[in-house]
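Undergrad: Sequence:
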Amino acid sequence: MLKSTIRLTSAVAHSPVGYTPAAAAAATAITSAARSFHTSSQTAKQHKVHSTADVPSVSGVPHLLTDNDLSPKQLSDIIQSACLFKHQAKVLGQPSGAPLAGKTMALMFSKRSTRTRVATETAVAYLGGHAMFLGSQDIQLGVNESLLDTSKVVSSMVDGIMARVGAHSEIETLAKYSTVPIINALSDLYHPTQILADLMTLHELYTPQGQDPHTTAPTSTLKNLRLAWVGDGNNILHSLMLQLPKVGMHITMATPKGYEPNAEILKQAQKNAQVHGTDLEVYHDPKDALRNADIIVTDTWISMGQEEEKKQRLASFAGYQLTTDLIEQSGANADWKFLHCLPRKQEEVTDDVFYSPRSHVFQEAENRKWTILACINQLLVKKGF
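In terms of our numbering, the sequence shown opens at residue 101 and continues consecutively.
A hint or two may mislead.
Said to hold, decoys possible - BS3-like mimics (lysine-lysine), calculated; alpha carbons at most 30 Å apart, straight line: (1) Lys211 - Lys410; (2) Lys323 - Lys173; (3) Lys211 - Lys483; (4) Lys410 - Lys387; (5) Lys367 - Lys357; (6) Lys411 - Lys371; (7) Lys276 - Lys357; (8) Lys211 - Lys276; (9) Lys411 - Lys357.
If you are wondering where the hints come from, they were derived from the structure by calculation, not from laboratory data.
Given these sequences and hints, build the entire structure.
TA: Pasting the structure below:
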């Protein structure tokens, strides 16, 4: 019998309510009233859950726009492919064969980036291609030229596009009119390439000794692990909620009231959890989310574009700082591990957690390269997932 648990904490007590249709409706009600994590997300909350299938591409080329674009098998294949590329490059010292020789990938970034930019440029270089960075000072998406026109012009001259945008609707428009594959490098609703790196890192950590990550299925290494999220209901959490059930992982989350995840994306995540027989639990008390956790994840409380909200957000997130004491007193599993997508601020996690042997944030950051490389290879070389 498939099992899916959706739990909500009441305003008075922290004891969870088991999954029922009424509980699911309550979840929707809570998140519908929630204040969004991004200044443009009041409009985004009115949108349905996205996938490439929702975007009628003029050219019919494949894209990776949201986490919904990958089936469980495709997700596992990408993770194993990334592990194989890493093994070939770092252990065997093998060249890639330059399958992207003579090809160019445009990096259209309307937001600043460190890991995503470095990961993409080095991935394209390893495959023998050329990466062209187009930042906000080079092009202004939808400002001096329409997104439609920008998409048509840029895609006519390059072989692929990595797009880091604000509103998710921007990347949908780019994809609709692009004649080349587009990969979502971040939007206000999703961050699919980040979660691929997270899952690759966990797959490496939990692959048994004597086995190789690139020959072992992630569903066998990650099944029944419990990930706890403590922080903002943002794009990283959205992508985690959608992807974890596909590899058999459970997720518990704690966000302050008013900072819950997007209601429609939560609905889709609930459906995914039911289909795959995994737990999805929603709380407001970090201790409830951390109980029995194998992996603990957080992110910045103040994303790009939210600087004016800093004072209010710091007050709202009081009590959400991850410390060793909080984690251990909450009953996390003895061998818990920590991830963070970076950049990190001390208010969300203390040094004793971030720089501890339990933290795998720099391995996670490096794996941005290998997972992005696997996606580029799949879309530009193999022509689809």
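Undergrad: Work down the list of hints and note, for each, if the structure agrees.
TA: Results of checking the hints against the structure:
With a CA separation close to 19 Å, the supplied pair Lys211 and Lys410 stays within the 30 Å bound. In summary, the hint linking Lys323 to Lys173 is supported, as the alpha carbons are separated by about 14 Å, within the 30 Å threshold. The hinted pair formed by Lys211 and Lys483 meets the criterion: a straight-line CA distance of about 28 Å does not exceed 30 Å. With a C-alpha separation of about 24 Å, the suggested pair Lys410 and Lys387 falls inside the 30 Å cut-off, and the hint holds.
The suggested pairing of Lys367 with Lys357 holds, with an alpha-carbon distance near 18 Å, which does not exceed 30 Å. Taking the CA atoms of Lys411 and Lys371, the gap is near 36 Å; set against the 30 Å cutoff, the hint is violated. Among the hinted pairs, Lys276 with Lys357 is inconsistent with the structure: their alpha-carbon atoms are about 36 Å apart, more than 30 Å. Between Lys211 and Lys276 the alpha-carbon distance is near 21 Å, which keeps this suggested pair within the 30 Å criterion.
Taking the CA atoms of Lys411 and Lys357, the gap is about 16 Å. The hint holds against a cut of 30 Å.
Hint compliance for this structure: hints 6, 7 are broken, all remaining hints hold.
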